[in-house]
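2 protein chains.
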Amino acid sequence: MARVLTSQADDFPRWYQDLVAKAELADNGPVRGTMVIRPAGYAIWERMQAGMDARIKAAGAQNAYFPLFIPESYLRREAQHVEGFAPELAVVTHGGGKELAEPVVVRPTSETVIGEFMAKWVDSYRDLPLLLNQWANVVRWELRPRILLRTTEFLWQEGHTAHVDEADAHDYARRILHEVYEDLMVKLLAMPVLVGRKTARERFAGATSTYTLEGMMRDGKALQMGTSHELGQNFARAFDIAFTGVSGARELAWTTSWGTSTRMLGGLIMCHGDDNGLRVPPALAPVQVDLMVVKDGDGVAATAAKLRDELAQAGVRVALDDRVDTAFGRRAVDAELKGYPVRVEIGPRDLAAGNVVLVRRIPGTKTPIPIADLTRAVTAAMEEDQQALYDSALASRLERTVEVSTVEEAIEASATGWAKVPWSAVGAHGEAQANASGVTVRCL
Amino acid sequence: MARVLTSQADDFPRWYQDLVAKAELADNGPVRGTMVIRPAGYAIWERMQAGMDARIKAAGAQNAYFPLFIPESYLRREAQHVEGFAPELAVVTHGGGKELAEPVVVRPTSETVIGEFMAKWVDSYRDLPLLLNQWANVVRWELRPRILLRTTEFLWQEGHTAHVDEADAHDYARRILHEVYEDLMVKLLAMPVLVGRKTARERFAGATSTYTLEGMMRDGKALQMGTSHELGQNFARAFDIAFTGVSGARELAWTTSWGTSTRMLGGLIMCHGDDNGLRVPPALAPVQVDLMVVKDGDGVAATAAKLRDELAQAGVRVALDDRVDTAFGRRAVDAELKGYPVRVEIGPRDLAAGNVVLVRRIPGTKTPIPIADLTRAVTAAMEEDQQALYDSALASRLERTVEVSTVEEAIEASATGWAKVPWSAVGAHGEAQANASGVTVRCL
Ligand SMILES: [Zn+2]
Ligand SMILES: [Zn+2]
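Protein chains in written order, with this note's numbering: chain A, 6 to 449; chain B, 6 to 449.
Please keep in mind that the hints were generated in silico from the structure rather than gathered at the bench. Treat the hints with caution; some may be incorrect.
For chains that are exact copies, the list does not tell them apart, and a pair is met inside one copy or across any two.
Think about it this way: if two alpha-carbon atoms lie no more than 30 Å apart in a straight line, the pair counts; the simulated DSSO-like pairs of lysine-lysine are [claimed, not checked]:
#1 K27 - K371
#2 K62 - K311
#3 K62 - K27
#4 K311 - K125
Extracted from the complex, chain A is given alone in its bound form (with noise of 0.2 Å):
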């Protein structure tokens, strides 16, 4: 098979352009740093979007929309917040033909204009917890853009809640952290995070603590697939989010913030993807069996037809292929590329001897079947590559993850993989040091 991609071993980064443009994922904007995701990147964005917001209102929150512009004023109420943000602003001045009296930034993140909203909202300890999600876009400058991981304008959901006291929200963020975020990682994107917290150096601006979680990628580096913060009374006190207490007393309210975005993509393709394409997680995944016709004739489009109902009806998600005018290398290596967990391919030959050949995407086995067992051999092999992709992402971690004990140690070791080192043998000085020499303390 001719080679579409560059190898992952040759230039990691251009394996990911490369993989993201042919399997037509996504698209770069005409707006430098925004992008475009396309129907079949998109369409495993919808299933992690349904699979985490099933999770997020099992969690007790509910979805609202808060608006895409907001003040300016709103940003500078919170020191820490808006020193976070004012580079990566995108302001407009005209509205409606006119110069605006007061230009609006387009939304980063919404604790802001949430917590003017939440302070209207609550008035009494039985208000609380109030616990919010949203989903939308935002816009965050970026000078150096990677598409689905790092641009302008991405999709996320994100979620803020108020609390009676500090441990409701410390509890609620870690619910998220792990009932919600960690649980769809593992179960969904068969990604085995490490789930911890930030340092003070790398938490969110305005924020008391941090967590998150972090997925390998097969170029051993790490990506922070989502995060989880305790934001203290910070935002309660910028926007008076205030409440009568039990005793009768006027108290301030503790919120937390979670999110996590398009980005997800990106990771799930760095994460499983291979020198053939991209690697869906069969519960994920929007096509599930890729049902080829290698070759009309001798009744196999009937015989196409009929096993496509007969998957259909047994839950599976599959798509027919019957191109029969498109060579059939093409579309295997299209399907290769698109990364369907399963491929079966029906032609007259097999279908003769009573057989059609189910292809593995995850092990990459090719074997024929007969006709009568195919549902139970797709269902079986879905949950077998399911697991077989999470314990293979799991391996490679755990082989790219050396123990060390100095900071020095881990600079060296994080060439290749991760570095697992005291937090005493680093400390703020460490891992100032470290960040010179590019390396980033990513979760305690």
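Fit chain B with the ligands to the known structure of chain A by using the hints.
Relative to the frame of chain A, chain B with the ligands by itself:
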């Protein structure tokens, strides 16, 4: 019961604002004309989205996502389009702390940027039809904003398709109109929309033909609930969406676009709401049954929990209201305001007789029924009331629509409802005359 809303007869716009605020559906945002969609409103919108999304996919379109920011120059490529939207644009002039070389506009709609990408992706007639849809926020600066109806930022879906010829584009624009939009509005929203074509004067900026769905509100006025446009070859010419046809010749595609927005939520409120609050069609309602514990004791709580599980088991969306320390009257008023189709009141007295009370929001009835009958009674009530809501809206529309033969009569009739007048008696001149009296020709 104390009146909590201004009555519709007294002041319809005021009634609408009162209801949106008191049912906690939406709130004004800090930047003029923007809005916050609160959880109770967003939950209804989410169910409209789900119903719409399923129908759009069934019509063969795929979801994708295109950037929020569009280069100003794109809008200028289609002359009528820029003329139509220029007065409503929000313009970003600063990004990442610097003045931008070319200002970018916040999308008012995405024909232009999607046209640019269709041109890249379409090469041969085999690539057509190209059927895309996106769920997004758009911005149109509003001078006279009205919450949910006309807001500077709103949420919508916008479909964009490219076809080999005019007939195919025409058929698809009409297929969306009927199979997606009309079907959803009639079946899910219980709204008897009038479906037709707009006059040249009312057409979308850049369209050759605009189809519309008009709902009648309870003040007798029309509200546009959705539109579907044939764009001819206007955008294909501006963005060079060209393909090699069957004959081998290079041809321009024919495009369509179509959209529905959060305005549907405003339409739903004004079509079905009454002086006691919202009335949500049972098929749409996020909460179909509000299970209300009137007073605790004598096994009420246990029965309520059991009934909740039983209803949920039967596929009914049920919420339990056991806030017995809040006055029953206040909770009942709130349930009416929110428009839950069915309320089930459970109290010790009825329970002793083996009964609960079934309160139906749409007919306004209140009947004790045996506990064992609850699920069956609820299901039957919801089916009947979904139909009743539609029937009553239709009857009211018919009653308030008069057939007239001149523009003068039409203007007079429009004070209380709609007028049906032969287009031959109107024409472009008559339309201008009607517009001068604040009357628009909505639907041909
Ligand atoms: Zn955990
Ligand atoms: Zn129709």
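* What are the numbers of the hints the structure violates, in ascending order? -> Of the numbered hints given earlier, the structure breaks just one, which is hint 4.
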